[in-house]
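Chain by chain, the residues:
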Amino acid sequence: MCARLYFLGDGNARKTHMSLFFVLMRGRNDPILSFPFQYKVTFCLYDQSGSGKHIIDSFRSDTKSNSFQRPTTEMNIASGIPKFAPISVVEQSNSPYIRDDTMFIKIMVDFANISQKVLPFAIVINPGLPTGIQQRLIQNEIQKQEQQK
Amino acid sequence: MNRNNHRFLTMDNDMDTSNNNTITKKYESQLNEINETLNIISRGVQALNFDAKYIRDEFLQQLEQANETEKQLNFIQTSIEETNVQLQAQGIDLSILQEMQNVLTNTIEAHRNVSYDGTLIWKISNVQEKIGIFVNRVKKHILKSIRM
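So the sequences go chain by chain: U and A.
So the mapping is simple: the working numbering equals the position in the first sequence, first residue as 1, plus 21.
So the mapping is simple: the working numbering equals the position in the second sequence, first residue as 1, plus 1.
Do not rely on the hints blindly, as some may be mistaken.
[What the hints assert, rightly or not] Okay, derived cross-link-like pairs now, SDA-like style, lysine to any residue, Cα gap no bigger than 25 Å in a straight line:
(1) A:K124 x U:K170
(2) U:K138 x U:K36
(3) U:K74 x A:T120
(4) A:K131 x U:P117
(5) A:K124 x U:S70
[Claimed, not checked] Sample of chain A residues facing chain U (criterion: CB under 7 Å; computed from the structure):
(6) I35
(7) K54
(8) D118
(9) T120
(10) I122
(11) I125
(12) S126
(13) N127
(14) V128
(15) Q129
(16) I132
(17) G133
Because the hints were derived from the structure by calculation, they are not lab data.
Model, not experiment: these values are computed from the prediction.
All residues carry an ideal CB built from backbone N, CA and C; glycine is no exception.
Pulled out of the complex, with its shape left as it was, chain U reads as follows (with noise of 0.2 Å):
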């Protein structure tokens, strides 16, 4: 897999919107690997200023398109998301999105379906923390939702 990212927008959205890509590739364990591709994909342009305004968005895998098939060439065609972020969001001078001239985005394959409202919690959890604490700490957050439904 690879993440793909038009800076200044591509197709419909070039010049007004980031957009951010998701690309399957070959790889050398796909004879074992089950097609087509079936999960969510989310994208997180994290806020670096504190203030915890994250641009969050996710897409899900259309399971009869071409793009989530396995590769016969290197590279799938794209999917995603063209209009992740409009583009002045990183343009502006002191945008929260860019300190010190970087930026991060995360990318995240839910592979436990991870529901709409623990989203927000999942992709903000701390990227120091191992993987299985991260995921401890998610199923807790799934937890602890459904006792306050």
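Given the coordinates of chain U, work out where chain A should sit on it, guided by the hints.
Chain A alone, transformed into the frame defined by chain U:
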């Protein structure tokens, strides 16, 4: 009467002899001057001959030096051409090395952003530069990998 005539004749002869002596002296003097002048001219010609010989020798020497200089210039020109060819080759080598460096940088950058659990934090540095590059190239995308 005859006696008188004879006296006159004698007087005339004396006068002629005197004139002849004067003329002879004058010619002798002029002859000496001419000889003197001829001697001067002869010495001048001799000096000119020496000068001509000196100039000829000098000319031959200069001609030889010019030939030698021409050979050296040809050698220098060949060297310059060879140096230019070498510089062009080095320029091409430098471009290839630069390209290889870019490929390596991109490869290292890509490997920095590899994840094996389906979640990737993609750190994009030098954003302004990259946006500028993409604007210039009208190729507005970058690629990163998340490997499972």
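Per-residue hint verdict: G133 (chain A), partner chain U, C-beta under 7 Å = Status violated, d = 10 Å.
Interface restraint verdict for I125 (chain A) against chain U (beta-carbon cut-off 7 Å) = 5 Å, holds
Closest C-beta approach of V128 (chain A) to chain U relative to 7 Å, hint status = 5 Å, holds
At a threshold of 7 Å, is the proposed contact between I35 (chain A) and chain U supported by beta-carbon distances?
-> 105 Å, violated
Taking 25 Å as the top limit, are the C-alpha atoms of K138 (chain U) and K36 (chain U) close enough?
-> 32 Å, violated
Within a Cα-Cα threshold of 25 Å, do K74 (chain U) and T120 (chain A) meet the stated pairing?
-> Cα-Cα ~20 Å, so holds.
Closest C-beta approach of Q129 (chain A) to chain U relative to 7 Å, hint status | Because about 6 Å separates Q129 (chain A) from the closest Cβ in chain U, which is inside the 7 Å limit, the hint holds.
K124 (chain A) paired with K170 (chain U) [C-alpha distance capped at 25 Å] | 37 Å, violated
Quick one, are K131 (chain A) and P117 (chain U) close enough, alpha carbons at most 25 Å?
-> Holds. K131 (chain A) to P117 (chain U) sits at ~18 Å (cutoff 25 Å).
Would the hint on I122 (chain A) stand, with a C-beta cut-off of 7 Å toward chain U?
-> The hint holds - I122 (chain A) has a Cβ within 7 Å of chain U, the shortest such distance being about 5 Å.
Holds or violated: is the Cβ of S126 (chain A) closer than 7 Å to a Cβ in chain U?
-> Holds, about 5 Å.
Hint status (Cβ of D118 (chain A) to nearest Cβ of chain U, threshold 7 Å) = 5 Å, holds
Going down the numbered hints, you'll see the structure goes against 1, 2, 6, 7, 17, while the others check out.
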